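S.K.: So the chains spell out like this:
Protein chains: 2
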Amino acid sequence: MNYKPMNDHFIKAYDRIKDQIHHTPVLTSDTLNEIFGVDLYFKCENLQKGGAFKIRGALNAALNKKLNHDIKGIITHSSGNHAQAIAIVGKLLNLPTIVVMPKNAPKVKMNATKSYGAKVILCKPTQKDRENTVNDIIAKNGYEMIHPYDDDDIIFGAGSVGVELHQQIKDLDYILVPLGGGGLLSGIAMYTKTYGKNCKVIGVEPENADDALRSIRNKKRVTSHHPDTICDGLLTTLSERTYDKIINYVDDIVTVSDYDTIKAMQLVYERMKMVVEPSGIVGLAAINQHSIFKGKKVAIVISGGNVDMQNFFESYNFN
Amino acid sequence: MNYKPMNDHFIKAYDRIKDQIHHTPVLTSDTLNEIFGVDLYFKCENLQKGGAFKIRGALNAALNKKLNHDIKGIITHSSGNHAQAIAIVGKLLNLPTIVVMPKNAPKVKMNATKSYGAKVILCKPTQKDRENTVNDIIAKNGYEMIHPYDDDDIIFGAGSVGVELHQQIKDLDYILVPLGGGGLLSGIAMYTKTYGKNCKVIGVEPENADDALRSIRNKKRVTSHHPDTICDGLLTTLSERTYDKIINYVDDIVTVSDYDTIKAMQLVYERMKMVVEPSGIVGLAAINQHSIFKGKKVAIVISGGNVDMQNFFESYNFN
Chain W
1 MNYKPMNDHF IKAYDRIKDQ IHHTPVLTSD TLNEIFGVDL YFKCENLQKG
51 GAFKIRGALN AALNKKLNHD IKGIITHSSG NHAQAIAIVG KLLNLPTIVV
101 MPKNAPKVKM NATKSYGAKV ILCKPTQKDR ENTVNDIIAK NGYEMIHPYD
151 DDDIIFGAGS VGVELHQQIK DLDYILVPLG GGGLLSGIAM YTKTYGKNCK
201 VIGVEPENAD DALRSIRNKK RVTSHHPDTI CDGLLTTLSE RTYDKIINYV
251 DDIVTVSDYD TIKAMQLVYE RMKMVVEPSG IVGLAAINQH SIFKGKKVAI
301 VISGGNVDMQ NFFESYNFN
Chain D
320 MNYKPMNDHF IKAYDRIKDQ IHHTPVLTSD TLNEIFGVDL YFKCENLQKG
370 GAFKIRGALN AALNKKLNHD IKGIITHSSG NHAQAIAIVG KLLNLPTIVV
420 MPKNAPKVKM NATKSYGAKV ILCKPTQKDR ENTVNDIIAK NGYEMIHPYD
470 DDDIIFGAGS VGVELHQQIK DLDYILVPLG GGGLLSGIAM YTKTYGKNCK
520 VIGVEPENAD DALRSIRNKK RVTSHHPDTI CDGLLTTLSE RTYDKIINYV
570 DDIVTVSDYD TIKAMQLVYE RMKMVVEPSG IVGLAAINQH SIFKGKKVAI
620 VISGGNVDMQ NFFESYNFN
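From first to last, the protein sequence lines stand for chains W and D.
In terms of my numbering, the first sequence opens at residue 1 and continues consecutively.
In terms of my numbering, the second sequence opens at residue 320 and continues consecutively.
Any given hint might turn out to be false.
Examples of chain W residues toward chain D, derived with CB under 7 Å [unchecked claim]:
id : residue
1  : P25
2  : Y243
3  : I262
4  : Q266
5  : Y269
6  : K273
7  : V275
8  : M309
9  : S315
10 : Y316
Keep in mind that the hints were calculated from the coordinates and are not lab data.
Please read all numbers here as calculations on a predicted model, not as lab measurements.
The C-beta atom is built at its ideal place from N, Cα and C for all residues, glycine as well.
My request is simple: use the sequences and hints to build the entire structure.
M.R.: Here it is, written out as structure tokens:
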């Protein structure tokens with residue numbers, strides 16, 4: 001494997017953002033350790049601002065752009081956790097903020113994004129219409145686009161999860177990271193390898209959204225992709241940028257079933273009292289499905305906890 | 320108020336138990352601070368072993384008994400979080416453990432208690448039958464009773480929440496504590512006052528289970544009590560012991576509606592990504608209902624997170 005020497009981009013990114021984000025805890029569970037026969041450490045980015053790790057990259061990217069020149073505002077397109085992260089960043093930095101969302105995005109995510117003060121503009125639910133809508137707005141108002149994962153600053157920011165985690169827990173054997181567009185996985189793997197940590201970094205994909213595994217096996221990025229999974233945060237494909245980083249820095253990719261993901265989610269609710277989204281907890285599903293982790297010291301990165309709990313609370317409704 | 324000087328029972332209890340419990344995090348939320356106009360610090364005992372603070376007192380009491388003489392086993396009666404705490408303590412200390420539970424206790428709590436290795440014995444759902452069943456067993460096997468709250472060692476152990484909290488956050492104006500039997504509130508208030516912390520400690524009761532408020536107002540312990548609240552962990556009445564401590568060390572008691580408690584619970588799920596039980600989050604409901612906390616630095620003790628989420632997960636069921 002080619003461990004290119006890196007400058008201290010990750011440390012710089014972490015120093016830049018750390019006072020405006022949560023230093024998320026690493027939690028453990030004797031019960032889960034016993035069930036799986038693994039020494040588990042949960043890095044809880046579900047407890048991060050906006051309920052996901054996304055603010056780390058978004059804040060780093062926006063701050064870096066501000067360092068270089070005055071900016072008029074920030075914009076992105078997203079139906080997921082990146083939308084809320086950009087809205088929070090806009091609020092923290094006092095910048096006008098627009099999030100383009102597909103018309104069919106969940107109302108709860110639209111409302112959360114608006115609640116931080118961002119303007120939400122709806123578009124047709126196609127990748128092309130999302131990009132065209134953003135480009136039309138940028139042409140008019142000159143806002144800065146902040147991509148959800150295909151951007152080095154996003155990857156350096158996301159990698160700060162690894163910076164914190166290695167400070168919190170020493171001598172990990174493995175880190176398991178949810179894999180969608182590949183920003184979080186790339187960042188954690190690059191930081192871990194370039195700083196000489198002796199620890200394997202593994203990406204975890206839903207088995208019916210396994211474009212990254214197929215890309216690595218074919219030694220060529222797979223672009224044809226028809227995902228079918230409950231993990232709505234892991235539907236995206238790798239970019240050339242994240243494909244290249246994963247080839248160079250990630251030790252392996254494993255897949256998990258949706259069934260095991262939901263069982264993992266339920267264990268975390270019942271035994272660890274945390275709200276996690278399916279995409280966020282695939283790492284624990286991998287522990288159940290793959291025996292190589294037995295007896296090892298393994299970090300599970302919980303990437304987010306944004307899940308619609310309306311049904312649950314409706315059962316409590318009363319006058 | 321009569322601040323009797325205390326020996327260092329709380330520090331000793333904390334030193335005794337701290338290596339076998341979780342040092343639970345204090346979490347914050349910008350969004351909740353903004354909604355309520357209060358500087359809020361959540362002490363997360365829902366993330367404690369067994370999903371509640373109860374293990375602190377139970378472990379301290381059992382360890383203290385073991386120091387004084389050999390013990391054959393431990394026993395309690397409980398339909399709630401104390402049951403799981405005793406089961407975990409039995410497992411940690413490798414002691415035979417019996418929990419007497421009323422027949423109508425939730426299956427999920429019975430199963431959790433059994434899962435830690437305790438023997439569950441069912442009885443009729445009356446206080447009298449619970450006590451008689453326990454006494455009959457003790458007469459036969461000589462196990463040690465560990466009461467859920469009416470015991471100084473339990474109060475010293477529960478008070479270790481306060482020891483940790485004051486280490487984690489300095490200069491608090493208020494600490495809000497759920498109030499049922501009064502063990503947790505007594506412990507935190509005694510520690511706070513006897514160690515000279517300049518901070519008010521307030522008990523929070525459901526308005527339809529307000530025996531403590533009525534006791535304080537009448538200057539006599541209320542024993543007639545017909546509670547009607549969704550907060551199943553706060554149904555119990557004060558004992559003479561906790562009544563006396565509350566009179567002496569607690570600054571005030573406030574009540575909250577079940578409606579506000581459920582709204583508080585939903586906010587914590589959606590904005591802080593934590594599972595909390597209604598009884599555990601009455602402190603946040605008090606913030607909404609009482610204006611004295613505006614602009615203050617307030618700790619909310621989240622006492623537990625054991626809630627049945629079967630309905631929620633049934634919505635995910637698939638083959």
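S.K.: Identify every previously stated hint that the structure contradicts and give their numbers, smallest first.
M.R.: As far as the earlier hints go, only 2 is violated by this structure.
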